[in-house]
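Engineer: Knowing the structure of chain A, use the given hints to seat chain B on it.
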Amino acid sequence: MKKKNRILITGNEACGEGAIQAGCRFYAGYPITPQNELTSYMSKRMDEVGGVFIQAESELAAVSMVFGASCTGRRAITTSSSPGISLKQEGISYLAGCELPAVIVNIMRGGPGLGNIAPSQADYFQATKGGGHGDYRIIVLAPSSCQEMFDFTYRAFDLADKYRTPVMILGDGMLGQMMEPVAIKHGRRTPDDGRRAKPWALTGARDRKRNIVRSFFIGEGALEEHNRKLQKKFREIQKAETGSENYKTKNSDIIIIAYGSMARLAKSCVDRLKNKLNIGLMRPITLWPFPYKAIKSLDTGKTRFLTVEMSAGQMVEDVRLAVGDDKRVHFFGRTGGGIPDEEEIIKKVLALNRKL
Amino acid sequence: MTDAATHYCAGCGHGILHRVVCEVIDELGIKEKTIAVAPVGCAVIAYDYWAFDTAEAAHGRTPAVATGIKRTLPEKIVFTYQGDGDLAAIGTAEIIHAANRGENITVIFVNNGVYGMTGGQMAPTTLLKQKTQTTLCGRDNRRDGNPLKISEMIAILDGARYVERTSMHNPGHVLKTKKAIKKAFEIQLKNEGFSMVEVLTTCPTYWALSPVAACKRIEQEVVKAYPLGVLKE
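Protein chains in written order, with numbering that gives the first Met the number 0: chain A, 0 to 355; chain B, 0 to 232.
It is worth saying that the hints were derived from the structure and are not from the lab. Where a beta carbon is used, it is the ideal one built from N, C-alpha and C, also for glycine. Watch out, some of these pointers could steer you wrong.
[Claimed, not checked] No farther apart than 20 Å at their CA atoms in a straight line, the calculated lysine to any residue pairs in the SDA-like style are these: (1) B:177 x B:50; (2) B:30 x A:206; (3) A:208 x B:28; (4) B:30 x A:98; (5) B:178 x B:191; (6) A:197 x B:10; (7) B:189 x B:29.
[Said to hold, decoys possible] Here are the computed distance ranges between Cβ atoms for each label pair: (8) B:9 x A:311: 50 to 60 Å; (9) B:116 x A:341: 55 to 65 Å; (10) B:158 x A:311: 38 to 48 Å.
So here's chain A without its partners, still in its complex pose:
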């Protein structure tokens, strides 16, 4: 991509533009910091492209409006930040149960409760382990730059349609509000695209039998059967869509595992330490499905792993599962909107190295 094709925008706006270019023509949202730029951007852009923008009365209503739009086969998105995403869990469970595609963006902030408006990664459990009620998983993508806010949102719609599932973009206040040059891939989709390929969509029962969108299965064994079908789909997603990125991991004694904005920070720590230590970075790109195998393949049996998160330690539980030897899995994190700085991470790495 030539540099002149890039525009300087915030991560929130890049995410919104990614949705527009992916052919999404339905947005419903509710104001919450630090993702407000995204809502106002969509308000402007949906008018420009002839799409639908609704400022909903609540997060519950916003996700249900997206549910309704998705029923008709349209690409639809809702965005929020942590406390708002908690409210949306009802709708996300229904979307998963009804097998409806949708994209949900969480620009995470500090919690629990109202918390604060500073960046955080404390919604990892909620995003990757279910969030709402029932046995389900959603695909969770973790961008770490404004460019990826665009690219991953664009891709999220394809994944959502392919598997008929909600897909979450898990960003944070830092990614949402910082500005970077972003290359815009111009849309190859029209708003109608995909609808013809969605025979399940509710478009009026003309020349076909009626369609029903449902998650209620009261007949004996019917819900278990439905769950079996969902689980089969989740296994297919795990097989085909797990993604991660290795950075200077070859022959590393110490590997930092970090996602999103923390991966950016960890990368520069690796660069600063590289001439002293055999250190690399492994960055999960899909948080669900989690790249267990990719982590395992980096483990020599002596490798030490340092998980860096803006949380009290959430993803580290999956890293422990991947490595299977808790003594070699270490953690550094800050909570409540505190952002680790490079010095803190480097200090932790050097302390680990001394114990090697």
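Structural biologist: Showing chain B alone in chain A's frame:
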């Protein structure tokens, strides 16, 4: 309608009301462009009986789902079918705001004054002194609040184009209900905005009355708390 036998109790208003809605849809010739949204409540599996496209909504979010459908397919006819718990308790925000936005949808609001599906608990529309599973000594306004006249609340909103309350307690009123529902759909067909018909119906099972006595109760008691007629036109 499909040929499926309904699961409703003897004397329940849902069966007749389903038929009334379906007759209106057939008479208007809109079956092939109708998309319904079913509630959580006794009518959740209404889609087993309806021959048009139907979505299920989370409890109370019914008008929000209908909004999403109608805004993406404005040429289709979209209606919600909601009970009093769905519409007037857990979904109060959604119905008020859908009406206030003037969404061009039709709402069939089924008021029988109890939660049927969960076993006969108090609804926001339960009458004072009415006994339910959660008001064993009768609804007491100091403990349980007052019957909610949500149609009157909606009627004062600028976005509401048409609001009427009807009843199902005898054949004459069933016909009046049908007329009101037809009018509501016609308003949507003319793109005139939000239309809602509140229909008073019976729940003999959780009123602990025979179907005939339940109809009598509407005539003698319920219509006094919820007067019939056009609330907004």
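Engineer: It remains to establish, for every hint, whether it holds in the given structure.
Structural biologist: Results of checking the hints against the structure:
Between the alpha carbons of residue 177 (chain B) and residue 50 (chain B) the distance comes to roughly 19 Å, so the proposed pair stays at or under 20 Å and holds. Using a Cα cut-off of 20 Å, the hinted pair residue 30 (chain B) and residue 206 (chain A) holds, with the two alpha carbons roughly 11 Å apart. With a C-alpha separation of about 17 Å, the suggested pairing of residue 208 (chain A) with residue 28 (chain B) holds against the 20 Å cut-off. Between the alpha carbons of residue 30 (chain B) and residue 98 (chain A) the distance comes to roughly 25 Å, so the proposed pair goes past 20 Å and is violated.
Restraint check: the Cα-Cα separation between residue 178 (chain B) and residue 191 (chain B) comes to about 18 Å, which is no more than 20 Å; the hinted pair holds. Our distance criterion of 20 Å between C-alpha atoms is broken by residue 197 (chain A) and residue 10 (chain B), whose separation comes to about 40 Å. With a C-alpha separation of about 13 Å, the suggested pair residue 189 (chain B) and residue 29 (chain B) falls inside the 20 Å cut-off, and the hint holds. A beta carbon spacing of about 57 Å between residue 9 (chain B) and residue 311 (chain A) agrees with the range 50 to 60 Å that was offered as a hint.
The given range of 55 to 65 Å is respected by residue 116 (chain B) and residue 341 (chain A), whose C-beta atoms sit roughly 57 Å from each other. Evaluation of the 38 to 48 Å hint for residue 158 (chain B) and residue 311 (chain A) yields a pass: the beta carbon distance comes to about 46 Å.
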